Every structure is written in C-alpha cells, then in structure tokens.
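Chemist: Each residue of the sequence shown is one higher than the one before, starting from 853 at the first, in our numbering.
Please note that a few of the clues may not be correct.
[To be verified] In silico lysine-lysine, DSS-like type, Cα no more than 30 Å apart, as pairs:
{"no.": "1", "residue 1": "Lys930", "residue 2": "Lys999"}
{"no.": "2", "residue 1": "Lys931", "residue 2": "Lys999"}
{"no.": "3", "residue 1": "Lys999", "residue 2": "Lys987"}
{"no.": "4", "residue 1": "Lys860", "residue 2": "Lys968"}
{"no.": "5", "residue 1": "Lys995", "residue 2": "Lys930"}
{"no.": "6", "residue 1": "Lys927", "residue 2": "Lys987"}
{"no.": "7", "residue 1": "Lys987", "residue 2": "Lys1015"}
{"no.": "8", "residue 1": "Lys1015", "residue 2": "Lys999"}
{"no.": "9", "residue 1": "Lys931", "residue 2": "Lys995"}
{"no.": "10", "residue 1": "Lys927", "residue 2": "Lys999"}
{"no.": "11", "residue 1": "Lys995", "residue 2": "Lys1013"}
{"no.": "12", "residue 1": "Lys995", "residue 2": "Lys927"}
{"no.": "13", "residue 1": "Lys987", "residue 2": "Lys968"}
{"no.": "14", "residue 1": "Lys931", "residue 2": "Lys987"}
{"no.": "15", "residue 1": "Lys999", "residue 2": "Lys1013"}
{"no.": "16", "residue 1": "Lys1013", "residue 2": "Lys987"}
{"no.": "17", "residue 1": "Lys1015", "residue 2": "Lys995"}
{"no.": "18", "residue 1": "Lys860", "residue 2": "Lys987"}
{"no.": "19", "residue 1": "Lys987", "residue 2": "Lys930"}
[As the list claims (entries may be wrong)] Simulated restraints, written as ranges between beta carbons of each label pair:
{"no.": "20", "residue 1": "Arg1012", "residue 2": "His905", "range": "28 to 38 Å"}
{"no.": "21", "residue 1": "Ser964", "residue 2": "Arg1012", "range": "51 to 61 Å"}
{"no.": "22", "residue 1": "Val966", "residue 2": "Asp1022", "range": "51 to 61 Å"}
{"no.": "23", "residue 1": "Arg1014", "residue 2": "Met970", "range": "45 to 55 Å"}
{"no.": "24", "residue 1": "Ile1025", "residue 2": "His954", "range": "40 to 50 Å"}
Since the hints were made in silico from the structure, they are not lab data. Being a predicted model, the structure only gives us computed values, none of them experimental. Even glycine gets a Cβ: it sits at the ideal position worked out from N, Cα and C.
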Amino acid sequence: MNSALTVKWLARLERPRSIESLISEVYGEAALRGSLYEREVADLLNFYDLAEHPVASMLREPFNTDDWSLSALLKELKKRGLPPDLFQVLDDGKDARNELVHRLIGTELLISRVEKEMLIDRISGLFFRIWRAHKLATDLKMKFGEKLGITEVRLQEAVRKRKEEARIEDENIERILGD
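Could you build all of it, start to finish, from the sequences and the hints given here?
Modeler: Following this line, the structure appears as structure tokens:
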C-alpha cells in the first residue's frame, strides 16, 4: 500500500475504533461521492442543454437520477459531442462507482487484518477515481452555468438576499407575536 489516501484512512485508526468501522466510514464517503457524481452529471446535462438549446431543453423533463442511471446519463452526454478525452475520466469514474457500489463488498473475503487494510486501499483507489470524475463533471457544469450567467458570485448574492428576506420575515413575525 503506497496510496496517500490509504495512509490518511488508516491514520483514523489512531482514534479508538475497529477496522470494520473504518471500512464502513471510508466506504460511506466513497459511496456518497459516487452519488454526488451521478447528480453532477445530470446537472451538467441540464446546464449544457440550457446553454446550447434553451427552447428544446425547456420543452422536456430535466435529467435526474430517479429516471436515469449514471450510464444512461453519460450516454446522453456523449451524444452532445463533448471532446472524447473528457469521457475517459468520466467513464473511469462510472466504472469505479459501479465497482464500489455493486461488486466490491460482496466479492471480498475479509478474514485477516491485512485483507481488511487491503480493502481500504482498494476503496481508496476507487474513491480517487470517483472524485476525479466528480470534479471534472462539476467543472464542466460550472462552465456551462457561466454561459447561462450562473456564477458563484450571483449564487452567493441570491443566497445573501434569501437570508436577508428570512431575517426580515422573522423580525416581522416576532413583532406581530410580541415575543
């Protein structure tokens, strides 16, 4: 094992815990990243279609993760004609996510501590591949969002306005109720 991420995970054993609880934590973080990756691909498709074909995208249901699998979402994304080199990372992330979620735990025989540490190393490798694909999908989504005028600054301003509206509403309710 030479993965820096694996070393990070194993360092968590310094806290009082079992290696099984560490496997659960590492697996859970990797599975969460896989779910976030799937959501980002759906969002990326929606942003892409809005940026490139606004009218057509408004006439159809948005892409989502309830009706579309990650594989189907990536097939739709490929139809959009994005550069093929991007799909190496995205497909690798999908393969890593599918291995993690559908195959990994059910195929491993975990008797010794060394086998359990090796499982953490495998999960770490899958986590990194999923993270890399998630990051690429997020960056692409932001690029198409910017074409639509959706920037981090505008999003933060919208959040600030909503918080201010909520604060004013809370003050009005307190005033009305006399609390």
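Chemist: Does lysine 987 pair with lysine 1015 here, judged by a C-alpha cut-off of 30 Å?
Modeler: Distance ~28 Å between lysine 987 and lysine 1015 Cα, so the pair holds.
Chemist: Are lysine 1015 and lysine 999 close enough, with their CA atoms no more than 30 Å apart?
Modeler: Holds, because 26 Å separates the two Cα atoms, which is no more than 30 Å.
Chemist: What's the verdict on lysine 860 and lysine 987, does the C-alpha distance respect the 30 Å limit or exceed it?
Modeler: Satisfied, since the Cα-Cα distance of roughly 20 Å is no more than 30 Å.
Chemist: What's the verdict on lysine 930 and lysine 999, does the C-alpha distance respect the 30 Å limit or exceed it?
Modeler: 20 Å, holds
Chemist: Against the 30 Å threshold, does the CA-CA distance of lysine 995 and lysine 1013 hold or violate the hint?
Modeler: OK: lysine 995 and lysine 1013 at ~24 Å, within 30 Å.
Chemist: Verify the CB-CB distance for arginine 1014 and methionine 970 against the hinted window 45 to 55 Å.
Modeler: 47 Å, holds
Chemist: Given the range 51 to 61 Å, decide if the beta-carbon distance of serine 964 to arginine 1012 lies inside it.
Modeler: 54 Å, holds
Chemist: Taking 30 Å as the top limit, are the C-alpha atoms of lysine 987 and lysine 968 close enough?
Modeler: The hint holds at about 28 Å.
Chemist: Next pair to validate is lysine 987 with lysine 930; report whether the Cα-Cα distance is within 30 Å.
Modeler: 18 Å, holds
Chemist: Holds or violated: are the alpha carbons of lysine 1013 and lysine 987 at most 30 Å from each other?
Modeler: Distance of about 28 Å is within 30 Å: holds.
Chemist: Next pair to validate is lysine 927 with lysine 999; report whether the Cα-Cα distance is within 30 Å.
Modeler: Given pair lysine 927, lysine 999 holds - Cα atoms ~23 Å apart, limit 30 Å.
Chemist: Is the straight-line distance between the alpha-carbon of lysine 995 and that of lysine 930 30 Å or less?
Modeler: Between lysine 995 and lysine 930 the Cα gap is close to 17 Å, so the pair holds against 30 Å.
In summary, this structure violates none of the numbered hints.
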